[in-house]
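Enquirer: Take a look at the letters that make up each chain.
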Amino acid sequence: MSKQDLNQPQVTQPAPVAGRSQSKIGDAIFKGVAMAAAIAVIGVVVVLAIELFQGSSISLTTFGPSFFSTTTWDPVHNIFGALPFIYGTLVTSAIALVIGVPISIGVALFLSEIMKERRQVADYLGSVVELLAAVPSVVFGLWALFILSPMVRDYIEKPLKTYLGFLPTFQGTPFGLDFLTAGIILSIMIIPTVSAISREVLRSVPNSQREALIALGATKWEMVRHSVLPYARSGLFGAVILGLGRAVGETMAVTMVIGNSPSITASLLHPGYTLASVIANEFTEATSPLYVSALVEIGLTLFFVALAINIIARLLVWRITRFSKVRT
Amino acid sequence: MEAKQHSNVSRRKIVNRIAIGAIFAAVVLAIIPLFLILAEVIIKGAPEMNLDFLTKLPTPVNVSGGGVVNAIEGSFVMVGFASLISLPVGIGAGIFLSEWGEMRFASFASFVNDVLAEFPSIVIGIFVYVIIVLTTHTFSALAGGLALSIIMMPIIARTTEESLKLVPRSLREASMALGVSRWRTITRVVLSTGRGGLITGVLLSIARAAGETAPLLLTALGSTLALTSLFQPTAALPLLIYTYGISPFRDWQDKAWGASLVLVLVVLVLNLSVKAVTRAKFITVVE
Numbered sequence: 001m002s003k004q005d006l007n008q009p010q011v012t013q014p015a016p017v018a019g020r021s022q023s024k025i026g027d028a029i030f031k032g033v034a035m036a037a038a039i040a041v042i043g044v045v046v047v048l049a050i051e052l053f054q055g056s057s058i059s060l061t062t063f064g065p066s067f068f069s070t071t072t073w074d075p076v077h078n079i080f081g082a083l084p085f086i087y088g089t090l091v092t093s094a095i096a097l098v099i100g101v102p103i104s105i106g107v108a109l110f111l112s113e114i115m116k117e118r119r120q121v122a123d124y125l126g127s128v129v130e131l132l133a134a135v136p137s138v139v140f141g142l143w144a145l146f147i148l149s150p151m152v153r154d155y156i157e158k159p160l161k162t163y164l165g166f167l168p169t170f171q172g173t174p175f176g177l178d179f180l181t182a183g184i185i186l187s188i189m190i191i192p193t194v195s196a197i198s199r200e201v202l203r204s205v206p207n208s209q210r211e212a213l214i215a216l217g218a219t220k221w222e223m224v225r226h227s228v229l230p231y232a233r234s235g236l237f238g239a240v241i242l243g244l245g246r247a248v249g250e251t252m253a254v255t256m257v258i259g260n261s262p263s264i265t266a267s268l269l270h271p272g273y274t275l276a277s278v279i280a281n282e283f284t285e286a287t288s289p290l291y292v293s294a295l296v297e298i299g300l301t302l303f304f305v306a307l308a309i310n311i312i313a314r315l316l317v318w319r320i321t322r323f324s325k326v327r328t
Numbered sequence: 329m330e331a332k333q334h335s336n337v338s339r340r341k342i343v344n345r346i347a348i349g350a351i352f353a354a355v356v357l358a359i360i361p362l363f364l365i366l367a368e369v370i371i372k373g374a375p376e377m378n379l380d381f382l383t384k385l386p387t388p389v390n391v392s393g394g395g396v397v398n399a400i401e402g403s404f405v406m407v408g409f410a411s412l413i414s415l416p417v418g419i420g421a422g423i424f425l426s427e428w429g430e431m432r433f434a435s436f437a438s439f440v441n442d443v444l445a446e447f448p449s450i451v452i453g454i455f456v457y458v459i460i461v462l463t464t465h466t467f468s469a470l471a472g473g474l475a476l477s478i479i480m481m482p483i484i485a486r487t488t489e490e491s492l493k494l495v496p497r498s499l500r501e502a503s504m505a506l507g508v509s510r511w512r513t514i515t516r517v518v519l520s521t522g523r524g525g526l527i528t529g530v531l532l533s534i535a536r537a538a539g540e541t542a543p544l545l546l547t548a549l550g551s552t553l554a555l556t557s558l559f560q561p562t563a564a565l566p567l568l569i570y571t572y573g574i575s576p577f578r579d580w581q582d583k584a585w586g587a588s589l590v591l592v593l594v595v596l597v598l599n600l601s602v603k604a605v606t607r608a609k610f611i612t613v614v615e
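Keeping their order, the protein sequence lines are chains U and P. Each residue of the first sequence is one higher than the last, beginning at 1 in this note's numbering. Each residue of the second sequence is one higher than the last, beginning at 329 in this note's numbering.
Hints were generated in silico from the structure; no laboratory data involved. Check the hints yourself; a few may be wrong.
With a Cα cut of at most 27 Å, we get these calculated BS3-like pairs of lysine-lysine [claimed, not checked]: (1) U/Lys220 - P/Lys341; (2) P/Lys493 - U/Lys31; (3) P/Lys372 - P/Lys384; (4) U/Lys116 - U/Lys220; (5) P/Lys341 - U/Lys116; (6) P/Lys493 - U/Lys24; (7) P/Lys493 - P/Lys603; (8) P/Lys603 - U/Lys116.
Whole structure, please, built from the sequences with the hints as guidance.
Expert: What follows is the structure, given as structure tokens:
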């Protein structure tokens, strides 16, 4: 079909001058339109940054840098400090990485190393894991609220409290709506991202690296440990950072299980709050301009955190997968 | 290395077994949540499914019956509106990134596009709140649709770029060698060869937008009324799942599971049809 299309124009017409100039105009217009679309994408990011700055200007001038170092969040008296939310985001993301990253890299190793000769089966399994990413985050939240949270409370938090209750991290009454549950649901949600990117990074490790170790008589694990993982290190680190980006920005599931109370405690069995969930939970109820502005400033913080995380991660992942394209 | 040569072979084999066992365990752990979630959504959502649920408006608390038709309509309208904006812009940007990819500006734009794709969606919600909700003084389907379009745009642009880059260079050269202009080559040859990837991107972005909640919270707000205008607070399936799910009423919580089943079905069907499309695409590219 496309062949006929190709044959039609201009081949039989020896009138290049008019046709050429016409097609040049067409080319220029087409390129302009396509370029405008690309500029629009950049424009969205630029305008987004400007609007966030403007929207948070009242809060920026009122609190200055102390916004990030004070702990009082008191809408009634118009005092706003974001430290509890920063703390909550850090703690839940850390839990998510501690649990989610080993599992994700395990999955990636399985798909890239153990199933190496059965690529089709590996791809099929990989897409099952990635299907997890398709589940909307509010459905994760609903499941976490009604199913995961009681399970975490009864089978994880109560034993932790009983046997490790002397540690400052396991103080308080296990309710199931706290940092730990939020961290666990986040760890599940970052698995598809981290494992998919890790798999691509591992697959871009040249085979010569593996063959060298196998030739020395290494076992599969020794090959992975001494050749594949070191070679892929920076790319895997990038995958982890992208997972961190997902965890930091995730809103709905966390909001539904973290308990939504601004607090800084060492205990993981205590309700908390994150940057994203305070926006989701309080934005539409914010009455005073300063309150709205403070919430927009939290959004601005998220914006820059996400920006930094993405730039670092992409540079790391890109550095390793870029070369692989030349080599294979 | 030296120590390794002398070390016990059977010990190394045991370590190898343990490591591979741990890797298998990781795979099992990664897959379990998906099935637990799907099972729960089906078990709790299926009893809610009936014609009323899909065609009636919500009833007040403890009044039995009623449905979520306004949320389904709201989601449909907002995702549709978002598609109207994001399809042309996303595909246009993707064409530029692929066909003029050697330009410095294009690689910069591609980078910015990737960053936008990974932005926390709630930040996009704030953005649209500031530029639309504050200026029009009302939450609306319009604002919600715009927020969703910003989420869809980079996904469409990236998949378009990637699938067009898969189109062999020789096809472009063959077309240009026949004297066909560049833009006709792109529209007639490149786009039609890479259309499988384009459809993939569009379907994936629709699936993503349909499930987005956080930005709609700040733009569409949610509603229990029927959708009559684009300029009023609007219900959507994910919003309804959130507000009903965290409510203390058993009846609403059950409805949240029902709505989850509808949403998950839509999203999974979109994702699985993507698999079918990409499979077809690879066949045409190989042959």
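Enquirer: Run every hint past the structure and note whether it holds.
Expert: Evaluated hints:
Annotation: proposed proximity of U/Lys220 to P/Lys341 holds, straight-line Cα distance about 9 Å (limit 27 Å). The hinted pair formed by P/Lys493 and U/Lys31 meets the criterion: a straight-line CA distance of about 17 Å does not exceed 27 Å. A hinted pair counts as satisfied when its Cα atoms are at most 27 Å apart, and P/Lys372 with P/Lys384 qualifies at roughly 20 Å. Restraint check for U/Lys116 and U/Lys220: satisfied, since their Cα atoms lie roughly 12 Å apart, inside the 27 Å limit.
As the CA atoms of P/Lys341 and U/Lys116 are separated by approximately 20 Å, the hinted pair is consistent with the 27 Å bound. Proximity of P/Lys493 to U/Lys24 is assessed by CA-CA distance (about 23 Å); at most 27 Å being required, the pair is judged to hold. Between P/Lys493 and P/Lys603, the direct Cα distance comes to roughly 19 Å. Compliance with the 27 Å bound is thereby established for this hinted pair. Taking the CA atoms of P/Lys603 and U/Lys116, the gap is near 21 Å; set against the 27 Å cutoff, the hint holds.
Hint check: no violations occur; every hint is consistent with the structure.
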